[in-house]
Amino acid sequence: MLAMGVIEILFFLFSAVMVAAATMVITVRNPVYAALFLVLTFFSAAALWMLLEAEFLAIILVLVYVGAVMVLFLFVVMMLDINLTPLKEGFTRYLPVGLLVALAMLAELVLVLWSRGKLGPEDYPLPTPREQGYSNTQAVGEWLYTNYLWPFEIAGIVLLVAIVVAIMLTLRKRPESKHQNPAQQVKVRRSERVRLVKMPAEGGE
Amino acid sequence: MLETVWNAVAAILAFPPVAVALFMVALMVTVAIYTLMERKVIGFMQVRMGPNWISFFGLPFLRGVAQPFADVIKLLVKEVILPTNANRYLFMIAPLLAIVPALSAWAVVPFAENWVFANVNAGLLYVLALTSMGVYGIIVAGWASNSKYAFLGAMRSAAQVVSYEIAMGFALIGVMILAGSLNLQEIVLAQQGNIFDWYWFPLLPLFVVYLISGVAETNRAPFDVAEGESEIVAGFHVEYSGAAFAVFFLAEYANMILIAALTTVMFVGGWLSPFAGLPGVGDSLLGKPHIGWFLVKMVFFMFLFLWFRATFPRYRYDQIMRLGWKVFIPITIVWVMVTAVMMLGGLVQRGV
Chain A
328 MLAMGVIEIL FFLFSAVMVA AATMVITVRN PVYAALFLVL TFFSAAALWM
378 LLEAEFLAII LVLVYVGAVM VLFLFVVMML DINLTPLKEG FTRYLPVGLL
428 VALAMLAELV LVLWSRGKLG PEDYPLPTPR EQGYSNTQAV GEWLYTNYLW
478 PFEIAGIVLL VAIVVAIMLT LRKRPESKHQ NPAQQVKVRR SERVRLVKMP
528 AEGGE
Chain B
2 MLETVWNAVA AILAFPPVAV ALFMVALMVT VAIYTLMERK VIGFMQVRMG
52 PNWISFFGLP FLRGVAQPFA DVIKLLVKEV ILPTNANRYL FMIAPLLAIV
102 PALSAWAVVP FAENWVFANV NAGLLYVLAL TSMGVYGIIV AGWASNSKYA
152 FLGAMRSAAQ VVSYEIAMGF ALIGVMILAG SLNLQEIVLA QQGNIFDWYW
202 FPLLPLFVVY LISGVAETNR APFDVAEGES EIVAGFHVEY SGAAFAVFFL
252 AEYANMILIA ALTTVMFVGG WLSPFAGLPG VGDSLLGKPH IGWFLVKMVF
302 FMFLFLWFRA TFPRYRYDQI MRLGWKVFIP ITIVWVMVTA VMMLGGLVQR
352 GV
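Just so you know, the sequences run in chain order A and B.
Its first residue numbered 328, the first sequence is counted upward by one per residue in our numbering.
Its first residue numbered 2, the second sequence is counted upward by one per residue in our numbering.
Treat the hints as calculated values from the structure; they're not laboratory data.
Small disclaimer: the values here were computed from a predicted structure and weren't measured.
There's no promise every hint is true.
Straight-line alpha carbon distances no greater than 30 angstroms define the calculated DSS-like cross-link-like pairs of lysine-lysine that follow [as the list claims (entries may be wrong)]: (1) A:Lys500 x B:Lys327; (2) A:Lys505 x B:Lys149; (3) B:Lys149 x B:Lys75.
All chains, please: the whole structure from these sequences, using the hints.
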């Protein structure tokens with residue numbers, strides 16, 4: 328177990344990186360940079376979870392968001408040819424509205440915390456380290472498959488429906504595309520493609 | 002006297018920075034030998050010699066052996082060219098993004114019982130997360146190069162890696178069900194017994210899917226459309242030269258060796274002996290579990306990579322996508338269910 332001081336230093340280091348990267352995501356001009364900074368944000372968040380001994384959540388965050396979702400994000404963003412000036416024009420125009428929404432959200436958060444009397448730093452003590460042999464993976468699994476079985480299964484079904492719908496929305500028959508059916512290609516026999524014809528040679532006897 | 006010296010040496014070797022540094026050197030040397038093996042093996046399969054000229058100190062029986070070292074020196078002394086209008090920072094960071102996951106995934110691979118850098122609980126997830134990160138090097142390289150060919154290679158690679166990752170993950174779920182653990186060492190220990198207790202046998206379809214997905218995930222032939230030299234020159238690393246190219250090269254080979262090691266650990270019993278418990282050999286060195294078996298199995302899978310490259314023509318892009326989504330993913334889903342039923346029916350025992 329690391330000394331508590333080291334963990335605090337790491338916490339502030341990763342938090343600083345995370346906040347800085349998240350700020351860069353919305354301020355940087357180039358969308359590809361923004362996506363890469365978002366990757367860094369996710370990574371720092373995963374590191375913070377790791378410090379909280381939630382290794383399952385941390386690794387799943389990297390696996391799902393960094394390894395799959397952000398790759399597809401980059402895939403799309405890199406193919407865009409965005410003209411950057413119109414993006415900048417909108418920024419000042421929508422800034423007041425954006426600030427208003429942000430302030431409203433902040434007020435709501437503070438109100439909820441204030442109503443429970445949890446505003447001071449003494450209400451948020453350092454987490455006590457888990458005992459030796461604690462497995463976050465096992466703990467998450469046990470909770471998901473016992474107490475939260477129904478919500479978990481229903482969430483799974485909802486996601487499945489979302490997948491099917493997403494495929495349905497984009498699936499359309501395009502008669503002009505030269506679609507190949509590999510099964511039929513493999514099944515082809517020589518006799519269907521080649522016909523040997525016996526012909527008398529020209530000028531022969 | 003000898004024992005104290007040996008103990009001191011062992012203590013130094015067990016000191017983490019020393020151990021990691023030694024392992025890195027060993028891995029680099031393995032990559033060097035692997036590139037030579039690749040050229041020699043494919044050469045022999047195509048009835049030609051392969052590299053047969055450069056040797057150490059002109060020794061005639063070492064002809065060709067020094068080829069990878071000559072290659073490394075050549076690459077290191079060459080200039081790293083930065084293309085016009087390339088994105089300077091990302092262009093330079095991309096090789097690092099490729100190599101770091103390829104090296105850091107080794108931290109959890111157990112070479113023999115307790116011979117592992119980090120014996121973590123979620124080792125399998127860690128490996129999965131890191132192997133899926135290697136694609137960033139390729140995508141960023143393709144985009145930052147400001148070249149059409151590189152960009153096409155990067156796009157192909159991104160789509161391919163994301164597709165095959167799913168099949169790979171599902172194949173590993175079968176292993177998780179049988180082993181009841183995410184710890185790679187416990188997965189190996191759960192396979193204890195004879196050769197049919199290793200997971201390749203009850204999980205044969207998943208084993209095949211994992212191996213092929215591993216080839217696709219490392220962008221190796223016949224799935225090497227990301228490089229596809231006949232269509233897009235050299236794909237994502239077409240603009241890289243010198244040391245930067247060498248790093249990509251190193252990452253590719255380190256990834257291949259990693260996939261070989263992971264297949265060994267998860268499906269063919271890691272360091273366990275195939276002759277365990279057989280009368281006669283069971284007690285000799287052949288029947289004992291040790292790192293030798295791990296290396297033998299790993300080298301076999303490394304050889305398969307070369308064999309594939311020498312024998313199969315490159316897949317067409319739509320065929321790759323079809324194989325990943327329409328063949329592998331259904332197979333793995335079905336076999337995960339079959340595995341669960343087999344275990345409930347008592348046909349196979351949970352390992353731990």
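Results for each hint:
no. : hint                : verdict
1   : A:Lys500 x B:Lys327 : 18 angstroms, holds
2   : A:Lys505 x B:Lys149 : 25 angstroms, holds
3   : B:Lys149 x B:Lys75  : 27 angstroms, holds
When held up to the earlier numbered hints, the structure conflicts with none and fits them all.
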